[in-house]
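Asks: Going by our numbering, the first sequence opens with residue 439, and the numbers climb by one from there.
Calculated directly from the structure, the hints in this document are not laboratory data. Please note that a few of the clues may not be correct.
To be verified - Result set (DSS-like, lysine-lysine): computed pairs, CA atoms no more than 27 Å apart in a straight line:
(1) Lys879 x Lys740
(2) Lys640 x Lys714
(3) Lys562 x Lys595
(4) Lys994 x Lys1018
(5) Lys756 x Lys767
(6) Lys723 x Lys740
(7) Lys1036 x Lys917
(8) Lys579 x Lys809
Unchecked claim - Taking CB as the label site, the calculated pair distances span:
(9) Phe863 x Asn774: 26 to 32 Å
(10) Gln958 x Phe599: 29 to 35 Å
(11) Leu867 x Asp910: 48 to 54 Å
(12) Asn520 x Lys992: 45 to 51 Å
(13) Phe863 x Leu649: 46 to 52 Å
For every residue, glycine included, the Cβ atom is placed at its ideal position computed from N, Cα and C.
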Amino acid sequence: MDKTKQYSLFDEAPESRTCQEPEVKGPQPLKQIRYSQPLTELSFDIEATGRDPLSDTIVGIALCREKGMAYYVPIRHSPESNVPNVPDAIEVLKETLEDESIPKIGHNLKYDMLILKQEGINVKGALYDTMVASYLLNPNKPNHSLEEVGLEYLSHKKVPFTEVLGKRHSFSEVAVDEAVTYAAEDAELAMELKCILFEKLKDEGLEKLYLDIEMPLIYVLADMEQAGVKINNARLEELSGELGIELGTIESRIYAIAGETFNINSPKQLGNILFKTLGLQPGKKTKTGYSTGMNVLEELAKDHELPGEILNYRTLYKLKTTYLDALPKLINRKTNRIHTSFNQTVTATGRLSSSEPNLQNIPIRGEWGTKIREAFTAETGHCLISSDYSQIELRVLAHISNDEGLTDAFIKDIDVHSRTAAELFGISLESVTQEMRRIAKTVNFGVVYGISPYGLSEALDISPKEAGQYIDQYFEKHKGVRAYMERTIAEAKQAGYVITLLGRKRPVPEINSTNSNIRQQAERLAINSPIQGTAADLIKIAMINIHNRLKREKLKTRMVLQIHDELLCEAPENEAGIIKDMIRHEMENAISLSVPLKVDIGVGKNWSEAH
DNA sequence: GCCGTCACG
DNA sequence: ACGTACGTGACGGCA
């Protein structure tokens, strides 16, 4: 930034603005810094080396306390870089960063906080994260990197990191002049963005959501990531071996049936075998060729033995590669645990996402699902506590639609799918069969997704006409839900966005599209987003409250995973009793709806037992 | 890098 | 005639 003056702490700073005692002598100038005025807010950015926050080390810290005044403190540059390091700076900065009265500004603060934790610094005080601010302002934006956000709101083009790095391997090898220019720019950019984005958040009515939920949540997520979850590595390897053998057997069988060998994992080659060699009837097509997806293969399995074998192979192959083989590689050497990243700025609806590894899609169905979850364990002397909201999205729908029947069902604590079945088939609750309940359950899901006859017909494998009859029957009994859908679509058309109960916005730009497919898709997500998003708001509030109570009451229990409607905690055995009660209370009372919230809790030595 | 596929809520 | 259920992330194949 050319309009910005940047100083390292080794430069002489303007006396009037920075130091009461400008004399900088000796190798530890930081200790000389005394602010003439109280520090009202501070933006900072960590330069770190490595990529895993649990092993990363700080190379330097950039600070900015007002526009045009950014610093870079080199801490651990390599000797060849000719940077005078200031190892003691950590001690001095600790005081400021842990000062609760000083608000902290930054872009992706969770990352910097995790790095700082490795140095024994526990950031405290109010947070203003510009990445999260950008996300709330437009959750449809695919990338909220500082580069992108700076470009959008300040038309500022950042120097690409790779350019600063040049041929060097690590930021620790970058010379001080360049390090200052790059790092200080980040800190100042965040400071400038904060002013702009926070004003916009206020204008958009997002201030409360930002300050009361998303910012406090950063502390929760940082603690969860740092805690990680324990994995039984030996067991995963054992299971992988077993699956490898079974896959080999299935593979041979597949080749025997096909009459030749081929790459089963190649949809293209598989398509050729199925539809050319064997002459089976191709179903749907994809952009690139014949579909060999699950629906198609299940249909084909009725006529030939190969598709069934392929499905079985695919299932087991997926479990082996994605979980059994991938998870052990991500066990942290220091902690012996797996530390996922919880991403706060990814989904369009307000949910979290989890990556590297994704711990929100660990298998649960089937015998192998059970086996894999058994490998997620509690530390010795501890137990896992799984707490999940029962029917959270339908309860949210009952509240926001104010539908009489749906509300009534939850107040009376009636099995909602059975009740829907009774309505759809015009019979009493007692006469509902398993098959009727299954259909009703699918209809209820469909309602939440923004139901369509085609979607429901696919899910139930019935004709669209029949599906349409179920839908008509459903809306006949749930006029409130129908009104909610019509109202939501109308609002989306008018305002251009939909909102959750807590005011989280999702723009729906395609809602007025002249292409009916595009428009209908927009209508479905307009219906679904407030429901999914409100459920996301809710569990975030519960997480913050639970986190605060764990700290305040000095409990040793740690929250380790969030899976959209479930919280997984690891508790010392002697805390389990009180923790169960506490979590239930906080989850069920996160916010008050017109229907009760219900939480199911299980305890066990591993995730399978606890769930 | 994109596509198809499939694991989860 | 058309044709997707909503929201994610990771894997292998293939250009």
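Asks: So, for every hint listed, does it hold in this structure?
Replies: Here is what the structure says about each hint:
Among the hinted pairs, Lys879 with Lys740 is consistent with the structure: their alpha-carbon atoms are about 26 Å apart, no more than 27 Å. Proximity of Lys640 to Lys714 is assessed by CA-CA distance (about 61 Å); at most 27 Å being required, the pair is judged violated. A threshold of 27 Å between alpha carbons decides the hint, and for Lys562 with Lys595 the separation of about 31 Å lies outside it, so the pair is violated. A C-alpha spacing of about 13 Å is found between Lys994 and Lys1018, which places the hinted pair at or below 27 Å, so the restraint holds.
For the given pair, Lys756 sits about 16 Å from Lys767 by alpha-carbon distance, which is consistent with the 27 Å threshold. For the hint pairing Lys723 with Lys740, the CA-to-CA distance comes to about 19 Å; that is within 27 Å, so the pair holds. In summary, the hint linking Lys1036 to Lys917 is supported, as the alpha carbons are separated by about 25 Å, within the 27 Å threshold. In summary, the hint linking Lys579 to Lys809 is not supported, as the alpha carbons are separated by about 38 Å, beyond the 27 Å threshold.
A hinted range of 26 to 32 Å is violated for the C-beta pair Phe863 and Asn774, which are about 53 Å apart. The given range of 29 to 35 Å is broken by Gln958 and Phe599, whose C-beta atoms sit roughly 42 Å from each other. Checked against the hint of 48 to 54 Å, the pair Leu867 and Asp910 fails, with Cβ atoms roughly 21 Å apart. Between Asn520 and Lys992 the beta carbons are some 47 Å apart, a value that agrees with the proposed interval 45 to 51 Å.
Hint check: Phe863 to Leu649, Cβ distance near 49 Å, so the stated range 46 to 52 Å holds.
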